[in-house]
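Engineer: Sequence:
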Amino acid sequence: MWSTSISYKQILKQAVPISFSLLVPQISFFANAAFLGRVGEHEMVINGLASIFYLLLNWVGYGLSSGIMVVLSRRIGEQRRDALNPTLYNGLLLSAVTCVSLMALSYMGMDLLYSYALDNTFLKDGIVSFLHIKVLGLPFLMFTQLFNALFIALGRSRLLIWGALTSNLTIVCLDYGLIFGNFGLPALGVQGAAWASLAGEVVLALTTFLIYRWRGLHREFPVLSDAGKDKQIIRNIIKVSTPLVLQYIFSIGGWQLFFIYVEHLGTSEVAISHVLRSILGIVSVGTWALASTCNTLVSRQIGAGQEKEVYGTILRLITVSIGYTAIISAILLLFPRQVLSIYTDSSYLVSLGMTITPILALSTLVMSISTVCFNAVVGTGNTWINFSIESSTVILYCVFITYVIGYLRMPIDISWTSEIFYWTLLLAASGGYLLSGKWKGKTV
Numbered sequence: 000m001w002s003t004s005i006s007y008k009q010i011l012k013q014a015v016p017i018s019f020s021l022l023v024p025q026i027s028f029f030a031n032a033a034f035l036g037r038v039g040e041h042e043m044v045i046n047g048l049a050s051i052f053y054l055l056l057n058w059v060g061y062g063l064s065s066g067i068m069v070v071l072s073r074r075i076g077e078q079r080r081d082a083l084n085p086t087l088y089n090g091l092l093l094s095a096v097t098c099v100s101l102m103a104l105s106y107m108g109m110d111l112l113y114s115y116a117l118d119n120t121f122l123k124d125g126i127v128s129f130l131h132i133k134v135l136g137l138p139f140l141m142f143t144q145l146f147n148a149l150f151i152a153l154g155r156s157r158l159l160i161w162g163a164l165t166s167n168l169t170i171v172c173l174d175y176g177l178i179f180g181n182f183g184l185p186a187l188g189v190q191g192a193a194w195a196s197l198a199g200e201v202v203l204a205l206t207t208f209l210i211y212r213w214r215g216l217h218r219e220f221p222v223l224s225d226a227g228k229d230k231q232i233i234r235n236i237i238k239v240s241t242p243l244v245l246q247y248i249f250s251i252g253g254w255q256l257f258f259i260y261v262e263h264l265g266t267s268e269v270a271i272s273h274v275l276r277s278i279l280g281i282v283s284v285g286t287w288a289l290a291s292t293c294n295t296l297v298s299r300q301i302g303a304g305q306e307k308e309v310y311g312t313i314l315r316l317i318t319v320s321i322g323y324t325a326i327i328s329a330i331l332l333l334f335p336r337q338v339l340s341i342y343t344d345s346s347y348l349v350s351l352g353m354t355i356t357p358i359l360a361l362s363t364l365v366m367s368i369s370t371v372c373f374n375a376v377v378g379t380g381n382t383w384i385n386f387s388i389e390s391s392t393v394i395l396y397c398v399f400i401t402y403v404i405g406y407l408r409m410p411i412d413i414s415w416t417s418e419i420f421y422w423t424l425l426l427a428a429s430g431g432y433l434l435s436g437k438w439k440g441k442t443v
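Read in numbering that gives the first Met the number 0, the sequence shown has 373 at position 374, and its numbers run on one by one without any break.
Quick caveat, the hints were computed from the structure, so don't treat them as lab data. Check each hint, because a few of them may be wrong.
What the hints assert, rightly or not - No more than 27 Å apart at the CA atoms, straight line, and that leaves these computed lysine-lysine pairs for DSS-like: (1) Lys228 with Lys238; (2) Lys238 with Lys8; (3) Lys307 with Lys238; (4) Lys437 with Lys307.
Unchecked claim - Simulated restraints on C-beta separations: (5) Arg234 with Pro185: 44 to 50 Å; (6) Arg234 with Lys307: 46 to 52 Å; (7) Thr120 with Leu395: 41 to 47 Å; (8) Asn181 with Gly227: 49 to 55 Å; (9) Gly304 with Gly227: 28 to 34 Å; (10) Leu333 with Lys8: 26 to 32 Å; (11) Ile341 with Leu92: 27 to 33 Å; (12) Ser4 with Ala325: 55 to 61 Å; (13) Tyr115 with Leu395: 23 to 29 Å; (14) Gly154 with Ala95: 47 to 53 Å; (15) Glu219 with His263: 32 to 38 Å.
For glycine and all other residues, C-beta sits at the position ideal for the given N, C-alpha and C.
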């Protein structure tokens, strides 16, 4: 029987605050989708496709910060707190270079990408205009991700709550004001949603920095002072982070391809798919928070020489993840019409969505186990294994959707079975690697 010294209370204490921080991009997408659903289908599609592109940039930053968090957690487990600030400072340098590169590539390439990928010129122009505003928030987002990595590695994830609350409140209020012209603000429609999201990310970064100062962490970790460029630390962070960044590019790239194929099925199909993606995003907040917790706890246990407890820790995290997802899935299955009606007044879209919710519910249950197992592999430090698992899974996923949606043009409910296909493959590969024990003895 696998055992662990990590209690369920400790797991929830760390995972719940992380879930609040992960809510920020999801609440932004949810608010945009819910409000723009009252404006029109085209506006929903513009927001949806643009948000997936920005989500790709977001997850590149998240991959980098996750790699930094793995290194920080391992040093804490090794009782080497003196190594934390140099790691954080060099992580900041890498984040800055990555951010500038992503912004430059986005502004140069987004017009070409959507001109090639989309048939609808109106959608293409709307998406590019939306992203020209949205991408301005990337520096603030990546700054926040870096400091969140520090908070989580230190076991102080509850500090993430305040930034999440202020940011989400800002986004929802400005969405309502700028999309419809309330509170004396101009009615900007879909452009208003972009400005609201940008404002939310600025508020998030400012709140995170104020908490860092207020809690006195700037004295122990003066990350903004010159701790000195260290090529060895940078190489170490790149070694751990690069596979994570690449795997997220593969993963979100697969999503982008899915929606490009669905766009060819029709505007209604892509509109309801973005609604379902928003629902999936809200559900995944809890599972990804538990996955991030798994990443940190596994890395810390290995650093402390407690490899025998790793399996027990993973099992407890899976138990919590399944329980959380089962509750959400039950709500989706029992009240699909009510949930979908939050996003749109269209009875046709609601009816179309109701054919897909059972598939979505099943896929989230598989996802609840897959994400924990996959991030346990991240915590072991074998991030190139993660990349191998993710890239091979996404390639098979892309083959599946290309054949089922791109070639056969199957109905939208059949198209969404691709989610079950993806998460099942990821679970099989991640679980198999963990059970093999080949991760033991890995140094970071």
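Engineer: Holds or violated: 28 to 34 Å for the Cβ distance of Gly304 and Gly227?
Structural biologist: Check passed, 30 Å falls within 28 to 34 Å.
Engineer: Keeping to a limit of 27 Å between CA atoms, is the pair of Lys307 and Lys238 held or broken?
Structural biologist: holds (26 Å)
Engineer: Holds or violated: 46 to 52 Å for the Cβ distance of Arg234 and Lys307?
Structural biologist: violated (31 Å)
Engineer: Is the gap between the beta carbons of Tyr115 and Leu395 within 23 to 29 Å?
Structural biologist: holds (24 Å)
Engineer: Determine whether the Cβ-Cβ distance between Asn181 and Gly227 falls within the hinted range of 49 to 55 Å.
Structural biologist: The hint (49 to 55 Å, Cβ to Cβ) holds, given that Asn181 and Gly227 are roughly 50 Å apart.
Engineer: State, for the Cβ atoms of Ile341 and Leu92, whether the hinted interval 27 to 33 Å holds or is violated.
Structural biologist: Cβ of Ile341 to Cβ of Leu92: about 42 Å, so the range 27 to 33 Å is violated.
Engineer: Verify the proposed pairing of Lys437 with Lys307, using a straight-line Cα cut of 27 Å.
Structural biologist: holds (13 Å)
Engineer: Do the Cβ positions of Thr120 and Leu395 conform to the proposed distance bound of 41 to 47 Å?
Structural biologist: Because 33 Å falls outside the window, the suggested range is violated.
Engineer: Is 26 to 32 Å respected by the C-beta to C-beta distance linking Leu333 and Lys8?
Structural biologist: With Cβ atoms ~29 Å apart, the hint holds.
Engineer: Taking the beta carbons of Gly154 and Ala95, is their distance inside 47 to 53 Å?
Structural biologist: violated (27 Å)
Engineer: Has the given pair, Lys228 with Lys238, been kept, meaning a C-alpha gap of at most 27 Å?
Structural biologist: Answer holds: Lys228 to Lys238 is near 17 Å, not above 27 Å.
Engineer: Regarding Ser4 and Ala325, is the given constraint of 55 to 61 Å on their beta-carbon distance met?
Structural biologist: violated (26 Å)
When held up to the earlier numbered hints, the structure conflicts with 2, 6, 7, 11, 12, 14, 15 and fits the remainder.
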